[in-house]
Amino acid sequence: QKEVEQDPGPLSVPEGAIVSLNCTYSNSAFQYFMWYRQYSRKGPELLMYTYSSGNKEDGRFTAQVDKSSKYISLFIRDSQPSDSATYLCAMSAANQAGTALIFGKGTTLSVSS
Amino acid sequence: SQTIHQWPATLVQPVGSPLSLECTVEGTSNPNLYWYRQAAGRGLQLLFYSVGIGQISSEVPQNLSASRPQDRQFILSSKKLLLSDSGFYLCAWAGPSNQPQHFGDGTRLSIL
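Chains P and Y supply the protein sequences, listed in that same order.
Residue numbers for the first sequence follow this note's numbering, so the first one is 930 and each next one is one higher.
Residue numbers for the second sequence follow this note's numbering, so the first one is 11 and each next one is one higher.
Accuracy of the hints is not assured; some may be wrong.
The calculated lysine-lysine pairs, modelled on DSSO-like cross-linking and capped at a C-alpha distance of 30 Å, are [what the hints assert, rightly or not]:
#, chain 1, residue 1, chain 2, residue 2
1, P, 1034, P, 971
2, P, 985, P, 999
3, P, 985, P, 931
4, P, 1034, Y, 90
5, P, 971, Y, 89
6, P, 985, P, 996
7, P, 996, P, 1034
8, Y, 90, P, 996
9, P, 996, P, 931
Treat the hints as calculated values from the structure; they're not laboratory data.
Here the structure is a predicted model, which means the values were calculated and not measured.
My request is simple: use the sequences and hints to build the entire structure.
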């Protein structure tokens, strides 16, 4: 079983839809959870950062962490064509220097106008 | 605010040639610095990290090396490139708490 599983998609939705992106993981030691957005030929851009379980909201984006189920989600409300990108989940067990982020392979999202 | 720069954006090199990719960070001091490689369909893989000048740790044995000659400068090098070195190379930085990590726009390296 891979450490982090993420459905690669592609996921196609109409403008204005609510998008749900998910990752599952196997390492119960993960405590730090991130979502990155990556446009084509660009580096990953940090969208959301959460520690341990719970919800975090930032504008149209909501991140949820359920450590009991080893499941994290990113919700995008009122999706826009500019949200079309690849979304990567990432997680880490510790915050010591040199701790690598473990990434999912990314979900490609396309929002049509 | 902090910014991270990588160059060049795109590079095409012949097999056996040397490599030098540079990453610089502005707006912060003593960052933790990272080199990742992103291969199609394989996610991001950590190659090297550095917690200070001259301090380099390697995560994966390979044909590459890294150096940190200045506090906010991180260089990825190779003496002789292999076809398997092709990929998208990303530099990242983090603050003292080490989370989260912030990425540059990467260098797309093609080996011919």
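Hint by hint, here is what the structure shows:
1. Between residue 1034 of chain P and residue 971 of chain P the CA atoms are separated by roughly 15 Å; this keeps the pair inside 30 Å, and the hint holds.
2. Between residue 985 of chain P and residue 999 of chain P, the direct Cα distance comes to roughly 17 Å. Compliance with the 30 Å bound is thereby established for this hinted pair.
3. For the hint pairing residue 985 of chain P with residue 931 of chain P, the CA-to-CA distance comes to about 26 Å; that is within 30 Å, so the pair holds.
4. Between residue 1034 of chain P and residue 90 of chain Y the CA atoms are separated by roughly 29 Å; this keeps the pair inside 30 Å, and the hint holds.
5. At roughly 26 Å between alpha-carbon atoms, residue 971 of chain P and residue 89 of chain Y fall within 30 Å of each other, so this suggested pair holds.
6. At roughly 14 Å between alpha-carbon atoms, residue 985 of chain P and residue 996 of chain P fall within 30 Å of each other, so this suggested pair holds.
7. Restraint check for residue 996 of chain P and residue 1034 of chain P: the C-alpha separation of about 20 Å stays at or below 30 Å, so the hint holds.
8. Taking the CA atoms of residue 90 of chain Y and residue 996 of chain P, the gap is about 44 Å. The hint is violated against a cut of 30 Å.
9. Of the pairs offered as hints, the one joining residue 996 of chain P and residue 931 of chain P holds, with about 17 Å between alpha carbons and a cut-off of 30 Å not exceeded.
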